[in-house]
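All chains should be built: construct the whole structure from the sequences, respecting the hints.
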Amino acid sequence: MVALVVVSTFVVLVLGVLVAGLLRSHADILRSLHELGVGVGDPASAVEGSGRPAAPAPAPAPVSMGPSAASPSLGEAPTVAGVTPAGDARAVAMANSDRFTLLGFLSSGCATCGAFWEALQAPRAMDLPDGTRVVIVTKGPDREVPAEVGARTTGRIPVVMSTDAWVDYQVPGSPFFVLVDGVTGRKVGQGVASTVPQLAELVRRAELDREPGTARRRPDPVSVDGPAREAAADDVLRAAGIHPGDPSLYPRTLDDVFPFGTPTATPPGPANGLPVRTD
Amino acid sequence: MATIGAHGIVARLPEGFEGRIFVRPSSLGSTYPVAQFATFPLPDDIGDFGSGAVNLMGSEDVFATLFEYGPESLGTALFARQGRPETFSPQDFSPIVLRRGLVGQSGTQWFFTEAGRPFSFYAVLGSHVLRDRLVPRVNMLLASLALSPALAAGTAPAPRWN
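So the sequence lines, in the order shown, correspond to chains A and B.
Reminder that position 251 of the first sequence reads as 250 in numbering that gives the first Met the number 0, one-by-one numbering, no gaps.
Reminder that position 71 of the second sequence reads as 70 in numbering that gives the first Met the number 0, one-by-one numbering, no gaps.
What the hints contain is simulated information worked out from the structure, not anything from laboratory work.
Do not take every clue at face value.
To be verified - So the derived list for chain B, only partly shown, Cβ under 10 Å to chain A, looks like this:
{"hint": "1", "residue": "ALA10"}
{"hint": "2", "residue": "PHE16"}
{"hint": "3", "residue": "ARG19"}
{"hint": "4", "residue": "ILE20"}
{"hint": "5", "residue": "ARG23"}
{"hint": "6", "residue": "PRO24"}
{"hint": "7", "residue": "THR38"}
{"hint": "8", "residue": "ASP43"}
{"hint": "9", "residue": "VAL128"}
{"hint": "10", "residue": "LEU129"}
{"hint": "11", "residue": "ALA142"}
{"hint": "12", "residue": "LEU144"}
{"hint": "13", "residue": "ALA145"}
{"hint": "14", "residue": "SER147"}
{"hint": "15", "residue": "PRO148"}
{"hint": "16", "residue": "ALA149"}
Here the structure is a predicted model, which means the values were calculated and not measured.
Cβ coordinates follow ideal geometry from the N, Cα and C atoms, glycine included.
What follows is the structure, encoded as structure tokens:
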């Protein structure tokens with residue numbers, strides 16, 4: 000009898016711990032959904048008198064984008080790697096510029112994504128801060144039809160198909176946007192926006208909130224062509240001990256030019272059936 | 000560390016690199032795979048050997064392109080070297096190798112055959128002065144590449160119903 004009571008008590012305790020864990024997990028999920036603006040299970044969204052939760056609002060709620068003190072860093076932004084609708088490979092790194100990168104997670108079949116597909120591929124018209132890089136990310140070919148994605152792309156900005164990126168960035172659904180600071184490689188804002196102007200305003204605000212002096216300056220290289228290039232080449236040759244009149248400047252045989260032997264084909268070029276090349 | 004692969008070229012991109020592996024439309028003529036890598040944002044509309052990109056480089060940046068030539072180049076003297084160079088040394092880089100001369104930059108270009116495919120590997124350093132620091136990054140990229148034999152025409156699986 001005593002043994003039965005002990006076993007029963009133990010079972011009740013274990014079940015109690017399990018129930019407590021489940022309740023806590025449920026609360027965490029509800030809290031996360033609330034932070035994303037979905038509000039499932041939020042009593043505030045219940046229809047008065049019906050006792051049932053209201054349907055989700057048709058327009059997604061905007062989420063602030065900005066690296067201000069009120070919006071601490073959201074963590075590292077991993078490289079987005081995948082394929083293009085044409086079947087090529089593409090990887091976009093996040094920590095390699097002094098500007099923002101705006102990632103737009105879109106779907107080909109999402110009705111509310113239509114305006115963003117058009118706007119993001121014409122970033123100048125969106126009046127984003129100078130140099131803002133825009134990248135569209137769809138799910139990979141396992142979840143999207145490449146031809147449908149390809150039909151929406153203009154080739155002006157990178158479009159990467161990558162389910163892994165959606166997982167890495169914990170994208171809850173489309174459309175969804177992430178703003179990354181290229182100097183730190185960290186996310187400075189993420190969320191949804193109802194309209195294109197609203198999204199652009201959030202990015203502009205993030206630029207204004209950026210701490211001054213965080214941008215790296217990339218010097219503009221000066222082009223050297225014509226006489227200047229010839230002079231630069233002469234300097235390098237002189238530094239290597241090759242002066243005007245040096246025999247190496249006047250090859251007598253092809254062996255002087257081709258150490259592996261005489262070529263059997265004419266130099267590469269499209270006219271020879273070799274691939275088209277754009278320098 | 001991101002990995003991308005297409006057209007028989009796979010790259011496990013070292014930290015800070017981005018890249019793309021593509022084939023230009025065949026409407027342009029005979030086209031073969033091109034792989035481009037950079038430590039700065041790589042525009043989509045640049046030339047195969049970096050025109051339109053190298054002018055965006057900072058002094059600590061690296062750009063590289065792996066360009067495949069057609070099968071008619073196999074066996075020619077230019078592609079006689081079997082396999083890519085294992086590593087580069089700072090002495091392999093020179094300002095006069097640049098396809099587009101930009102003050103301060105330097106480059107290197109090598110032709111070779113690997114996996115039965117003729118390639119050219121061309122790399123540009125943002126600063127010749129910093130080559131001791133930048134060349135190891137090029138070497139890391141070079142070591143991350145895996146090249147496999149090209150699929151012969153007609154060997155692709157035929158489409159079929161599931």
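Hint check:
For ALA10 of chain B, the suggested interface contact is upheld, since its CB lies about 8 Å from the closest CB of chain A, less than 10 Å. At a threshold of 10 Å, the smallest CB-CB gap from PHE16 of chain B to chain A is about 6 Å, leaving the interface hint in force. Proximity of ARG19 of chain B to chain A holds as hinted, the smallest CB-CB distance being about 5 Å (cut-off 10 Å). Nearest Cβ of chain A to the Cβ of ILE20 of chain B: about 4 Å, under the 10 Å cut. The hint holds.
For ARG23 of chain B, the suggested interface contact is upheld, since its CB lies about 7 Å from the closest CB of chain A, less than 10 Å. With a cut of 10 Å, the hint placing PRO24 of chain B at the interface with chain A holds, because the nearest CB-to-CB distance is about 9 Å. Satisfaction of the interface hint for THR38 of chain B is found here, the shortest Cβ-Cβ separation to chain A being roughly 6 Å, below the 10 Å cut-off. Here the hint on ASP43 of chain B is kept, as its CB sits about 6 Å from the closest CB of chain A, short of 10 Å.
Violation of the interface hint for VAL128 of chain B is found here, the shortest Cβ-Cβ separation to chain A being roughly 13 Å, above the 10 Å cut-off. With a cut of 10 Å, the hint placing LEU129 of chain B at the interface with chain A is violated, because the nearest CB-to-CB distance is about 13 Å. At its closest, the beta carbon of ALA142 of chain B sits 17 Å from a beta carbon of chain A; the interface hint therefore is violated under the 10 Å criterion. Hint status for LEU144 of chain B: violated, given a least beta-carbon distance of 12 Å to chain A, over 10 Å.
This hint is violated: ALA145 of chain B has a C-beta 13 Å from the nearest C-beta of chain A, more than the 10 Å allowed. Restraint check, SER147 of chain B versus chain A: the minimum CB separation of about 14 Å is more than 10 Å; hint violated. With a least beta-carbon distance of about 18 Å to chain A, the hint placing PRO148 of chain B at the interface is violated under the 10 Å criterion. Because the closest C-beta pair between ALA149 of chain B and chain A is about 13 Å apart, greater than 10 Å, the hint is violated.
Checked against the numbered hints given earlier, the structure breaks hints 9, 10, 11, 12, 13, 14, 15 and 16 and satisfies all the rest.
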